[in-house]
Each structure stands twice: as structure tokens, then as C-alpha cells.
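Engineer: Working from the sequences, and respecting the hints, build out all of it.
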Amino acid sequence: MKECISLKIDDKSVRCKKGSSILNAALMAGIYIPHLCHHPNLPDHEACKLCVVEMLGQGTIVASCSTEAENGMELVTNSPAVQKIRNLSIELIFSEHPADCTSCPKYLKCELQSVAQFMGLRGGRLKTVGKNISSDTRNPLFVRDMNRCIQCGRCVRACEEVRGVKVLDYCHTEDGSSIGIPDNKLMGEAGCRFCGACVEVCPTGSLRDKEGIINDTVPYEQALVPCQLKCPAHIDIPRYIRKLAKGEIEDAVAVIREKVPFPETLGLICNHSCEDVCRRGMVNQPVSICSLKRYAANFDSGSWKKHRIVKQQTGKRVAVIGAGPAGLTTAYYLCKQGHHVVVFERKNIAGGMLQFGIPKYRLSEDIVQREIRDILDIGIEIKCNTNITNPKLLLVEGFDAVIAATGAQCGSVLPIPGYTSEGALTAIGILEATARKEDIKIGKRVFIIGGGNVAFDCARTLKRLGCESIDLACLETRECMQASAEEIEEAFEEGIRVHPCKTFIRIVTDGKHVTGVETANVDSFTFDENNKLQLKITAEENHIYDCDMVIFAVGQQSETFDDVCGFTVGKANTLVTEPNSCQVLGSDAIFAAGDIITGTKFVISAIAAGRDAAIEVDQFLGGQGNIDEMLLDRNEQEPFIGRIAGFDKLERASEELLPVSERISGFKQTTKAYPDKTATAEAVRCLQCDLRRDIEKVKFWNSYDAVPSEE
Amino acid sequence: MRHELNINNAATRVVTKKWGRMSGNNIAEYINLGGFSGLEKVLKLKPEDVIKQIEVSRLRGKGGAGYPAGLKWRCCAGQTGEKYIVSNFSNCDNNNMIVNAMIHNDVYSAVEGIMIAGYAIGADSGIIFLRNTQAVEYNIISEALEQMRSSKILGKGILKSDFQFDIQVVMGKNNAEKGQEIIILRSLEGLSPVTVCNRPHAAEAGLNGKPTLYHSMETLASVPAILEEGYIETKIVQLVDTENDITLITEVAIGSSIGDVLERAGIPTEGIKAFSFGESMGAIFPPDRLGILLDFDGINNAGGAFGNAVIRILREKECLVDSVMHCYEVSSVECCGRCVFGRMGTAQIYETLKDITKKRGKVDDLDCMREIAEAMLLVSSCNQGKCAAQMILSVLDFFQNEFDMHIRRKTCEAQVCKGYRSYYISPEACDGCGKCLAKCQRDAIEGEDDYIHVIVQDMCDSCADCVSVCPNKAIRIVGESTPKIPDSPIPVGSWKQSRRRR
Ligand code: SF4
Ligand code: SF4
Ligand code: SF4
Ligand code: SF4
Ligand code: SF4
Ligand code: FES
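These protein sequence lines are chains A and B, in that order. What the first sequence shows, in the numbering used here, is residues 1 to 711, in sequence order. What the second sequence shows, in the numbering used here, is residues 712 to 1213, in sequence order.
Read the hints as simulated data drawn from the structure, not as lab findings. We put the CB at the ideal spot given by N, CA and C, even for glycine. Be a bit skeptical, because a hint or two may be false.
Taking CB as the label site, the calculated pair distances span [claimed, not checked]:
1. B:Asp1154 - A:Lys210: 39 to 47 Å
2. B:Gly792 - A:Gly212: 49 to 57 Å
3. A:Lys210 - B:Met1170: 40 to 48 Å
4. A:Gly120 - B:His1037: 31 to 39 Å
5. A:Gly120 - B:Gly901: 38 to 46 Å
Structural biologist: Below is the structure:
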């Protein structure tokens, strides 16, 4: 404990730690002294002189931010002499500041404006010292509008002393000094790590995030880290990536595990929408968030388990219907909350889509089952081969809550002429049969209708099963196809023919069995106000693709529960729930999670839905609904990131892909996890957007109790 | 122009003793003149005894603050671990040629001084700092050091002793890296070249946090002389008398009056309107202050800048407002950019002075400049800002009349400020083309096609834009006698008739 001292500021007694500055002592005591160049996270620099105070007795005037408070000091914050200097300082600052405030993007969030408002002064008396610097928009992420710079030096100190990067500096030319980048380099060239500290500390509108970079519909703290915001389960991405950069793999796994029980599964098959918004993507390419997750999870030794907490038994019983990602996630978190959970699964093995829907060359059975084992381990009961058709009966049986998480398991078809012919199947059916290693009669020439991931999964599965000729056609253009770009690319390499912009007229048959598909070329399509598809077909003649097997990969539906349940059913047989809730509409203790409410979505969405359901059900059962867990101590993050040569140019690493011949000869995983070196190098590319959250927000004058009066 | 080193008739030759007797960095000549004998002597003494000699000599830092050198040396010597000597060889002002003269005439004395200091405080490396504009000097020094290394006076086993020492020359990256100790140390550390608050004393924790002995070149150049008999404290000054085309450098004993210094250098003291000490950094005095003593306290207390020892003489043909304005132009561009008062205060004063030289001055301007300067003096973060304040305050105090002439009487007596020239359009030459009217941004010209144009004097601000567009060279400066011109535009050709009629 540091020694405490006391002093008097404007006749108020103030106590503070020895070594504190006068300004800090005052601010802590709720006494506002105007200041601009002072920032709580930065060393003081005495540039603006707004914080001047007068020492009684000696009559000297000092800058309070950089003068140490001493025992017994008596200070006045608003004597005439002090006010004179303070006013002059503001006038001088505004003598080179643009007059228009309302057109500035920082308007109303600006510290300068706030201080000026407090002092009731902007200038106008002094001569305008013009500086006409056009705003620099050449850099990714940031705008530098130096016309509005007041040279407080905060950004330089943040970059140099807090981050250790030293990109920004005082520059000197024949026009005088200014804040900038020596030789007017681009930020990237100068070694910028795009951490945003400079923007965060800038009190004015001169350093800003480019428009649209910060999502202003969510709390600012969240918007700062777009990847985490976008991740449906809000995994603390920068934190685990930072661990990987340091080679602390086990810790990285723990961070991921704090939010999801399926790390490796996600590392392999997640649609990684986080990468679409990754800020690094605006510098060159996004961080390989997903592949890094795979890399980490690959090393999972279970050390996180020692921090896992399963709460005391509550005596409540919960039934979960469906052992897919949503159901298992719900079960996991509810069990951890101390409830007794029983999972009912219709099939013989748990896993749902992970087990039966995703081909093994993307996600192997071992991985799925290992991760499921870790979930069930904490004491979840599972009953396979048990088909529940009426959840309400479970309540009668004594369960306190039931969660339906049966997903969307039935493949849809297009009701075009001939769709029921022999040889017309659904993609999901093929995938499940393959997963079960059932004998499937495969056609020689297959035609697949659909352009999503499932269509491609099916096409590539058939390829591996030995199918000779595979055509895949869909309505969308090549660019708008729903499957991921890598999937399309890999399918191409494997010899699958893709035909975009097609509509399907009929299935040609020999009366019984499929012999072809007649298609027409689509020029464009739209949806009318009733969400009905409107096609514009080109004048070209229709084309018939010969084939002996047609596969529909046009989406899935849920299976409905018994009519006696009286559930309201929506599009694609989804269950309708109470607004903003996962409680099934009108049913007291029955909840639903995942695809069964939303229709087919991604695995990570199902996991996130499982978490949400667990929270709601826990609350329903009398708990707090707090399922957040800490599997790793939150030690302070190191703000000093230093320089890395060529940081802006570091290229995104991709996983090594097996050669085509090896790929199509079996169901081996098509990509290899990163080697250690690649993983570390990739992790280093992260901008660590979250570090910016650790920078304190500056309080404006109106949030202090005592503000010196203007007299 | 008389531009010379006034060393022959200098009464005092301590630091400049070898000037003119050797070519700048010829080591053999330096040794012939007794060079390095101080170092040789010192190497036989205990470091403690060397420090004592410095203390006895009462040598004070000649860079400006006048801090007793002995105190610094003792403090450094008392520290353990790695230590540095940093020596500032940069010229703080483009017009100040003293440092460069020292480098060109005898670079070794200062280098020897660095080494003696190094031996005394127990440092084994030194850094010589130069400004980004001193490329020529960089080469001279580098060559000198090379010669020393090959003569075994630098490096290991210096002068056959155990003492080892090396020196590095570093050039600043930009204009602002000069002059002040903190800026130079930060620049050497790779940090932004601004002054900062609360930096510890260099002698305790200087360069890279290590004890550092920081001295100006001139201070160190005095050190070898101290070890000889009959040392007296001196200052090298530069005298500038533009009107008489004189620029000279001379060494004077500390304590002489400025009047004496001028007289001895042969600069006439009559007809002086003002003189300044410190170029763009210090106060400007009226001639009745020529008695100011040239020593640390005399100059600094009067508001001059002792470190920047340029004495400039201003005579009748020079306009004070104009020359002060130019000084502020330099200060506002060269300030480190850290604090509002140093940066915007000087810029504001510069803008105000510029307006005055353009005949746009207002009576309030003077109070406003004073207010800013007083605040600058009180709270500027560094000495540079304070010195800049001194200058304008001294001018406002001593030369109120100059400003009155410009602002109230609308004349620049020295006829330097272009803004005070009046223009008229010669009715004989004007052919009514209207080009000037189109050009004038202040709508100060009246006329229409085929009419003789007339300048409305109240509106004209003498920018002279119109002069160059007139194809007939009709727009002229008003000289001694008032020109005869029509009151308002009249048709071309009617001027002579109307005059004849009169
Ligand atoms: S930076 Fe602040 S004071 Fe300046 S224009 Fe923008 S809002 Fe106004
Ligand atoms: S490294 Fe960070 S603080 Fe420095 S310029 Fe880049 S974004 Fe700004
Ligand atoms: S850019 Fe912003 S933070 Fe940097 S000096 Fe200018 S006003 Fe201050
Ligand atoms: S750079 Fe890192 S923290 Fe920022 S969005 Fe990308 S992954 Fe997330
Ligand atoms: S000198 Fe300038 S202001 Fe005067 S008349 Fe000519 S153009 Fe106009
Ligand atoms: S806050 Fe103290 S000088 Fe700016």
C-alpha cells in the first residue's frame, strides 16, 4: 500500500496516493479540471495546458497533469490567472481548428468539443491559422483527417509508448511540425499493426475508424471485436489466437471451450462467418480463425477439464430430444447447471447431422464421438434408439422441462413432373446411408439439383463411392452459389461439373426410372412480395441432361411431432416459439433449440442456439441462467505489441490439401491441420482488436460532481 | 562584405587559440600546436583529480543554462555501470555559424574535451550529435576521428595507456532535432523529437536510462584549455551588422559589456536602432542597453539567449516589425510541436506580425500578442517557447513606436514592409484594358472599358497583384511626390484635355 497524502483543491480536502498527479487526485475526487492531452493510459506530456492550476501561497501556475501532488498543497483550479491561460489555450487550439463541428463525424463524441462547451469558448478572437490538409483515406480501416488534429500527441504516445510500434510521430517540414507518419508513408509501410490504439485515444475527429467499420447498432465494446461479435457463440477469438501466437495451445483450447463444447468439429466444418468480418481482411486477408481452431483442438488433452464446474444437483429433470449439436449443447450446459439431463435419440448413435449429415472426409467419426464423449462424461444420460413423438408425455413422466432439438432431417424435393420416379433421391438420404456404410445402388451418371454445401457434400461423396459422371446444377450464378468457395473449387478439381443458372422443368423417365433432367437457362430471378420465385428464362432451347440418378439437394425440413401436441408449425415444419424465446408457442415447459425453430442453419448456429436454450431453461427451472464459465484465468493482456517486420504483408496461410487422386480414393480428411510453425505465423497476423477494449474511456466534464464555476 | 573570423585582434584566445594556425582536421598540425597534451596529462592523473580541476575552474555549461560543469561531472562519476558522453555539435539556428566555425577551424579541442570528460567520469563511449543540415561537418568530424584512430588516440590503448574510448557521430533526422538536451537524447533513443516533462537528470539517467554527461561543443572545447595555465572563461560570439555588411566571429571574455565587444570588433555603435542577443530566440534591446554584460546571468536575465550567441545589430534601414516577423517565422516552423503555447503561440504571433507588415495591423493586436507572450513565458513547456516570448515582449516594451508607426500612422519608416507601399495607375499610360480590375481581389480598382482606371487607396492592401498584369506598366509605386491622377475613372484620352483646361 502506498502512503496516502492529503491536499486541498478549491477548498475541498482531497486524499490521494503519494506519487499521484494533482490532476488525477482531483479527478478521482470528482473535481473536474479541463484537460485534453492527458489520458489515463498514457504518460503525461503537458501539451495542452488546459489543466493548469494555481498553487496558493507561491502563486505559481503549473500543469496539474504532470505535477505531483504533495501533502498539504493548496490549489485553486479557477483563479483569474489560471482562467486566462486556460482560455487562451482553447483559443489557440481553435485558431487552427476547422470551424464546422456539425459536419465532423466525431460530433457529440468529441473531447475537444466537450471541453470547449464546458468553457463556453471556441475562439474567434485570434487569427485563423489555416492548415489545409486533405483527409488521408489511403489506409485500410482508418481515416486520418489531420485538419482536425490539435497535436495533443496522444496518438504518438499510444503508438510509441503503449504499443511499442512507433508509426506515428511528430513530423517536421518547412511548414512546421505536425503529427503524421515520417515521409508520408502508408501506415502499413511504416510498420503499423492496425491495433487502433491511436484512434481510440484521439480526442478529436482527426483519427477515426473508417465509416462502417464500427457497427453502431451494438454496444461499442462489442463492435470493437467484429469476429467475436459475428461468431454466433461469441467465442473469444482474439484471446485464443493470442495464446496460439505464444504457443500456448492448451490455453487456447480452454478459451474456445469456454463457449463451445465442439472445438475440433467447428475447426473442421464451421462456416466461419467471423472471417467475413475480420478486420485483418481489410488489411490483406482475414485471419484463418477456423483453421487455427482446428489446430488448437487437435492438441486438446483435456487439461481444461480441471476448471470445469458442474454445479450441485438441483433435483430438476430435463429431457432433450435429439442428440445433434443443438441438443447436446443444451444438455451439456443444463447438466453443468446441476440439472439431471436425459437425451433421447432416435438413431442408434448420437451426433445428428455431425454423425450422419457431414461426410467423413470433412469430419471424421472419431472426432465427433470423442467430443460427444467429453460432453456426456459430466453425467448426462443418453437413450439411443428412442423415438419421441410426443414431448408432452415426457412431462407426464416427470420431467420438469423438455427441449426439442430434432433438427431438420428430411430432405426436400422439387415437385416437378417425375420427381417420384425410381432413381430420384435426396442428398441427405445418400449422406446418411453412406455414413451408415449401407450398400447404396449408385447410378453411373448422377445429376444433382442444388448449389449449397449439402449438394456438394453429396456430389463429392458419390465421387468417392465410385460414381463416374456427376453434374450439379442450380439456380444461382456461379458467384452467388451458397456453397463455400473452397468447396466449389475442390469439387471442380475432383471432376464434378457445375452448371449454374438453371431451372428444372421435369425429370425425364422411361415410365418408371429416371433417364434425364430437362433444364432451362435462367437469365435472372427475383422474389415477389409473397416471397414467390419469379424467373426470367432465356430464349435458348431447353437442354436434357442424361442421367440414371437424380438427387435433390434443395434443403431440409423438420419432422413434425404428433398432432395431439397441438404445436404451431411454420415454414419447413419448424416449430413456432414465443417471441424472443425458445419456449414452444403456448406450451409451458416445452422448449426447442436449433434447426427445428430456425430451419437449416450452420453447426455453430445450432451450438449457439443450444446455449441460448440452456440459459432460458435454467432460468425456467429457477436458476440464474448464467452458463458462462472460466476455464482459464483472465490475466492482463500485454498492451505492448512491438514491431513485426512486414506485418501488413503477412499472407494468410491455407491448410494443405491432399492431391485429388488421394482425395477421391476414399474418405480421408481432405486437408491437413497446420504444422506448428504455420499456426504460430498465422496467429501472429491477428490485429488483436480486443486490446482496444482495455483503453479507458475518457469521462466528459458532465460526469464529475464538482466542476469549477466560470466567473 | 566583411565575413571573417575576427581572431587576430581578439583579446582573449582560449578556445580559439589554434584557429587559423591549422587546417581544421589535420591531426599532425593539431598535435604540433600542443594538441592532446591535456589528454596526455590527464591520463596520468586520477579521475577524481581531473574533476577537481574542473570544479576549481568554475567552468559553466556554455549551451545556455550555465550549469556548473563540475557538478555534472561529479554526479556522473558517482554512478556505476555504463555511461555516455553526449555532445551537442548542432547549430541551434541556421544563422548561427559558431559551431560550424569551431568544427572547421579546430574540431579536435572539443573531441579532446570529450575524451578527458570520458576519462574523468568513467565512460568509454561518446556521441557527437549533428543537425540534419550539417553533412559537410559530419564528414570533417568522421575524418578527424579516423585520423585519431589510426594515430592510436581513439579506440583501445589510447596514448599507450589503459584508457579506451570511442566516439560516434550521429546526424538528426529532421530540422527539429537540434538544440535542446531532451530532444537530442530522445532523438538518439529513437523516440519522437519533442521535449517531455519529468525526464530525470541526464547525469543520473540520460541516454537509454544510463548516466550521461551532456555538454555543448563549446563547453567541451574549453576543457583542454582549463588544464593549461591561465585559463579564463570566454564565450565565442557572432556579430552581425547587416547594414555594414559585417558578419564575424570572435571570442570574448565573459563579463565584457556588449558595447565593448562591438567596439573591439570595429563595429560602430552609433546609429544603432536596436540589437538582439540570441537570434530567433532572444530579446531585442534598444541601444541604451549596450552596457549589458556578456555573462550567463547578464544575458539571460535581460531576456536574451546566452546559448545562441549571435549579436545582431539593427540600423535605420531595417524594420523591426519585419525582422521580428522573420524570427517568428523560423520559430513557428522549428518548434518541436509539443505544447500549444510554443506551437500555436508563436504561430499566432507570427500571423499577427505578418498582418502588421501587410498594413492589416490593428491596435488590439499589440495587447493580444502581449497576452500570448506573457502566457508563453509562464507555461511554455520548454525554454525555446519562453525565449520566443521574450523576444516579442522586449520589442513591445522597447519599440512601441515602431508598431505605432505601422498600425496607426500606416507607414513603415524603413520602407521594408511591402504592404506600406502605395500604388497608383498612371493616367498617361493606362489604356483602359481592365486587366488590373479583373485581377484585384480586394475590389480596390475602379474603372470600365476604355476608361482610365483608378486605385481606391483605402481598399488597396498593396499586394501588387495588379502590377504584373498591366500590359502598359501603368501601375507604379508612389514615390517622394504625390502623383497627379484623376479622382475617379475618366474616358481614356480625356486626361490631358482636362488638365489643359485647368
Ligand atoms: S474534432 Fe471535435 S471540435 Fe473538431 S470539428 Fe470535430 S467535433 Fe468539432
Ligand atoms: S500500430 Fe496501432 S497505434 Fe500505431 S499507428 Fe498503427 S494502429 Fe495506430
Ligand atoms: S491525431 Fe488526434 S491524438 Fe493525435 S495528436 Fe492529433 S488530435 Fe491528438
Ligand atoms: S484481426 Fe483478430 S481480433 Fe480482429 S477481427 Fe480478425 S481475428 Fe478478430
Ligand atoms: S495592389 Fe492589390 S489590392 Fe491594390 S489595387 Fe493592385 S491588386 Fe488591388
Ligand atoms: S492535460 Fe495537462 S497539459 Fe494537457
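Engineer: Please name the hints from earlier in the document that this structure breaks, with their numbers sorted from lowest to highest.
Structural biologist: none
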